[in-house]
Amino acid sequence: MANETTKAEIKPVETVTVKVDGSRVEVPKTTPDWQGNPIPTTILQACKMVGKEIPHYCYHPKLPVAGNCRMCLVEVGMPAMGRDRKPILNQDGTPKIQKGVLPYDPSLPRGAIACATPVAPNMEIHTDSDNTKMMREGILESLLINHPLDCTICDQAGECKLQEYSMEHGQAKSQFVETKVSKPKQVDLGPRIMLDDERCVLCTRCIRFTRDVAHDDALGIVNRGSYNTIAAYPGSKFDNNYTLNTVDLCPVGALTSKDFRFQMRVWFMKETESICTSCSTGCNIKVGSRENKVYRYEPRDNDAVNASWMCDEGRLNYKWVHREDRLKECLIRNHNSESRSVEWVTIIQELSERLSKCEKGSVAILASARASNEELYLIKLLADHFEAITDCVPRKGEGDDFLVQSDKNPNSNGARAIGIAFSEMGIQIPEIDEGISEGRIKTLLSFGENITRVGMNDELLAKLDLLVVSDILGSHAADKADFLLPGCAHLEKRGSFVNEKGRVQKFMKAVEAPGKARPDWEWLRELVVHVTNEKPADTLPGLFNEMSANNAAFGGIQWKDLGSLGTDIKI
Amino acid sequence: MPKEFRLILKNADKPGYTPDIDCYMANGGYEALKKSIALKAKETDDGKTKTPQEQIRDEVMSSGLRGRGGAGFSCGLKWSFVDRRSGKPIYMICNADESEPGTFKDRQIIHKDPHQLVEGMIISAFANDVHLAYIYIRGEFPEGARILNKALDEAREKGFLGKDVLGTGYDLEIHVHRGAGAYICGEETGLIESLEGKRAYPRIKPPYFPAVLGLYMCPTIVNNVETLCAVGHIMNMGGSEYAKLGTPRNTGTRIVSLSGMVKKPGYYEIEVGKATIGELIFDDAFGGGLLEGRTLKAIIPGGSSAKVLKAGEKFQMKRPNKDGELESVEVDLLDLPYDFDSLMAAGTMSGSSAIIVMDDSVDIVEALANVSAFYAHESCGQCTPCREGSLWMSKALNRMTSGKGRKEDADYLTHIATNIQGRTICAFGEACSWPVLSFVKKFKDEFEARGAADEAAQLESNQKGAVNSAN
Amino acid sequence: MSLNIPQKLESEIEELITHYPEKRSASMMLLHALQEHFGYVSKESIEWIAKKLELKPINVHELVTFYPMFRQEPAGKYVVKVCRTLSCALGGSGKLHKHVCSKLGLDAENHGLQTSEDGKFSVEFVECLASCGTAPVIMCNNEFHEGVSQEKADTIINQCP
Amino acid sequence: MIIKRNPLTWFEKLYIPALIGGFKVTLSHFFKKKVTMQYPEEKWTVPEGYRGAPYLVKDEKDRTKCVSCQLCEFVCPPKAIKITPPGPEVNAERGNIEKEPEQFEINMLRCIFCGYCQEVCPEEAIFLQKDYSLTGESREEMIYDKTTLLELGGVKESNIKKWDKKAADAKAQQSH
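Just so you know, the protein sequences line up as chains A, B, C and D, in that order.
According to our numbering, the first sequence is numbered sequentially starting from 1.
According to our numbering, the second sequence is numbered sequentially starting from 1.
According to our numbering, the third sequence is numbered sequentially starting from 1.
According to our numbering, the fourth sequence is numbered sequentially starting from 1.
Among the hints, erroneous ones may be present.
[Claimed, not checked] Computed list of lysine to aspartate or glutamate pairs in EDC-like fashion (alpha-carbon distance at most 20 Å, straight line):
#1 Lys185/A / Glu89/D
#2 Lys95/C / Asp363/B
#3 Lys173/A / Asp454/B
#4 Lys52/A / Glu178/A
#5 Lys205/B / Asp33/A
#6 Lys34/B / Glu143/B
#7 Lys258/A / Asp145/D
[Unchecked claim] Chain A is faced by these chain C residues, among others (derived, beta-carbon under 8 Å):
#8 Glu54
#9 Lys56
#10 Pro57
#11 Ile58
#12 Asn59
#13 His61
#14 Thr65
#15 Phe66
What the hints contain is simulated information worked out from the structure, not anything from laboratory work.
Source: prediction; values computed, not measured.
We put the CB at the ideal spot given by N, CA and C, even for glycine.
The following block holds chain A by itself, in its conformation from the complex (with noise of 0.2 Å):
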């Protein structure tokens, strides 16, 4: 489940006291709701400013309130009303307070859902009381009459809110001696999403998720009563772009991903705070992964960006990652196309024996806008220093509405801002294949794109006299290359990349590169010192700092000035 955001601090106005568990605690009057619109301020929020957890599955920060689910009843008290509509005080002058109870009933608590109680002034609210953790009990021990023993079989075993407040709040025993309710098992809900009746508590948040956030009115509850379930449309299936979102959202696991399904155990996993590097949004994520495998990833809440979704798209778009093709060789070619796998250490002293004899206005460089701002920076370097023509490959798809933007690199504001690309990406692209066709450029550089898909022939490759390719996959390029690095997913290394909306925001590293396969600001620092003389600094924070400081467009932020969320810089 995705963690729900911590409301970002708001200066309040006016405030409400209301006292919790015993202490007087003020809360702003209004916070704001699903949307950010300003509403009263509830019980829930209340007691979340103040560090008290209230438990809940309805309930979530991103969606319009249901209150459904009753597992947030608390016990409250109310000021006393005398006749005069004014409170009844005590004798210290206090307002006297009165206890909800059941009208007919006064032995039993009349309980307060907290998630769409608004506070009042001087209620009391009691997140611990007898009578408080009474109704809990009740309503989990409700949930668990018809709810299978599955947590064996159940990927969501783990990370369920189920088994969560099982422990801490419910009861070891149930008196349920009836025979269960069977719902439909394995239901094929849609391309991605496979769905449990039996173990869906009908918190009905995907199913305002899917209507309210992804406008596709797709989920709907069928039958009735006891026999109520989820399900879409029979004969239509529930494939909009973020259906994986709602088996984040589901507290429970009776919605699973298909792709995860089966795979692996959550507490296995590690988990690494990313980016998704599908589009420009740069969808807040973390990486679960278990012994260099990557198994999934999951949205990490941030408000700036992505709230608390991705796509489908970006989020299974990490198998590429651990394919057979990737590069895991240091290779060098001669001019029989004989190729020879060397270390490190000799690729990069050739190297940078073989460009130290470049001419300057000689060289192209072609890196990726998927390249971290660090290694940007480093080619930057590079390009300076032969006076190269640059540019970035562009990459263009389809973008919606929502989060899906149509630039497909994760950098390309970066790459803009370091330098190494314009305003239109790929505009300098002509320009370099002329330069090769009429011999001006003798010496190209690629990093982390596959030349030949934009347009540069094998004819036009040949007439160069150096062709350095660094890449993650192999490719036709690769194949040609004089000198060829691998180079490293933005899963097995640090950096940090520059979103649509000009958010700096830093990727942590999840798995081990492949072979020899290494983080390419490493070796490419290595590349700058031998060519350059220049000595940029030797650790990847060092090296952010360095190019902040340098480029106008950072403002001189720092590293640490990231921090898991990022920071707006003007683009």
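Got chain A; can you put chains B, C and D on it based on the hints?
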């Protein structure tokens, strides 16, 4: 001598009385509407002007009319909550989704005297500046829907409805909307959702109080059929005159639906509180007593969701003595006046004023199993305690009635029901748990005896089985 | 979608839609109209209504499965609904249901909708029909019968043409 | 605390009585039944409840009981267990159990027969059985795979028939 007092059903059963508008008008119909709509703005003593609408609302307030649907909430007060400053249209819905088992009063009004409802509705709509109103009638009343549609057409033809009602410039349209077999549509927010074309899931309150955020998120008034009919009579008689009917705080008349094991089941209109439960069951003017040779066992006083009352039960009631001071007196079940407050004091409710009588031939466990099956079937399943608990109770009772009871089942049922009441979105939680709680509490011996007998029988058959297999 | 809606029905439906400020509200009335016309609510009907009211089919499907009066399978020419709730049960509706079922050769233990072999009758044990004073009661299509003894039930069934 | 050491008495200082005592014990064993075994020609019969090597078991219907929950893998102190989950393909044959491991490996060189796997198993699918002496000629040979483990484990009946009961309940509800 207690007897019926017919106000709403004054004409319904008269020989030759038809649901036509002509017949209705020949019996004084639509006079209250004409009177109401002709009201002029009036200056009050403190110099403010009261619009005709405000005057009608004042009359309803002073009549003390309480909602006839179940909760018995003051109608005037309900109208006073309506948000009239939002700038949004105000809607009115007549709740004709009569679904509480035991109740069949609205059916009589709709089938026999539909114009009375139409007139009451037009006055109420006028009083609340409503221009679009609906009658939500339960799906099982296809004939009622047809009759109402015809009545509305007739009213439209006569100019009581539609554009420019009676030449006053006031527009009102009323449509009939049919339900399709869901008890939960009787809950006003469930009804609103249903009318919006959704599953009848009651809304959470706060924030969705119908008076502020009702139909299409606009202020909405939802009133029962009988309540709206009463409004017509209030305008005819004047609020204070109407308030003289019945007893203080329990004014007017009510139609009592009497069913179960009595000689003369049926509907009886009484002045509220002017007949006791005993009279309603035994008096010849009403139920006429139990069947031959039977004794009273229990009654459900306000539709099947009300807590059951056991024959011979005694209640402590506050009654004014001859000096006018309140004094506690013991009242037998049969001497309970049939009104809102007395039944509430007795720990139950008059609900939709439907009395179900059970005599000594009734198996109490079977009766509760029947009621529970109804509620398990009707739970909308939106919120957890009721969705899971209602079927759980029904399954347990079903097990008990099929010979697999246990001694601890009485406590088991109480445990389940306690977990539901007061924790749900709407009052259905109470509706499904109250019968269980009250039946089990008041007839615990029967539940335990049945469980014990089943356990003994089970043990015996197990032993037999063991002996047989040993042989 | 091959749904043959006669012009008259369609214009009735158009009229119904005008009763509501929001089209979606008309969905239940439309379901009633199509069920009355076709005898049941087919998948095609659901999709037709969804299109008519600018909804997703699931929005209509949700209603059909929630409200028990809508059926997704064809039923007999006459649908006999026997009330099973408390007052009728006290009045003997359990026996009445069994009687009707056995008369029509149906499973007396089955409370759900079941149709006789000749397809003429369907029997359903339903919740309260709101005429508890005249228990037990049954509905035969839109006709309502009060105080139904087993003999009266036989007559009602036998009189169905 | 200081423990006082008593000096030996003169009798104790003789040592001979102690020697005689020792020989008595030795001598008595000449006449007792022999307890040593000629291992490996002779094999020890292990007592009931002995905890030897862990193997996977099948239920009475010949189904692998393991559902690949990986709790044993998690709990295993020497990290001897490696489970490969089945992945997303739906195996219709397995019915309502849905899941069984694609591969289940125990590295018997690492296994310390601690029994945590048996204790943690929610499905009663892995049991420490009587084998205590496992040998092989290579390290690879000592990594027992699923097939081997199931063969060695055999069938274990259990009173708890969770999945069967579930299937029966579902069927009963359908016919109702």
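Structure-based check of all given hints:
1. Lys185/A / Glu89/D: With Cα atoms ~14 Å apart, lysine 185/A and glutamate 89/D stay inside 20 Å; holds.
2. Lys95/C / Asp363/B: Holds, at about 16 Å.
3. Lys173/A / Asp454/B: Measuring from Cα to Cα gives roughly 25 Å; hence the hint is violated.
4. Lys52/A / Glu178/A: Outside the cut-off at roughly 36 Å; violated.
5. Lys205/B / Asp33/A: holds (17 Å)
6. Lys34/B / Glu143/B: violated (29 Å)
7. Lys258/A / Asp145/D: violated (27 Å)
8. Glu54: violated (11 Å)
9. Lys56: Cβ of lysine 56/C sits 5 Å from chain A, so the hint holds.
10. Pro57: holds (4 Å)
11. Ile58: It holds, given that the least Cβ distance between isoleucine 58/C and chain A is near 4 Å, below 8 Å.
12. Asn59: Holds. Min distance 7 Å.
13. His61: holds (5 Å)
14. Thr65: holds (4 Å)
15. Phe66: holds (5 Å)
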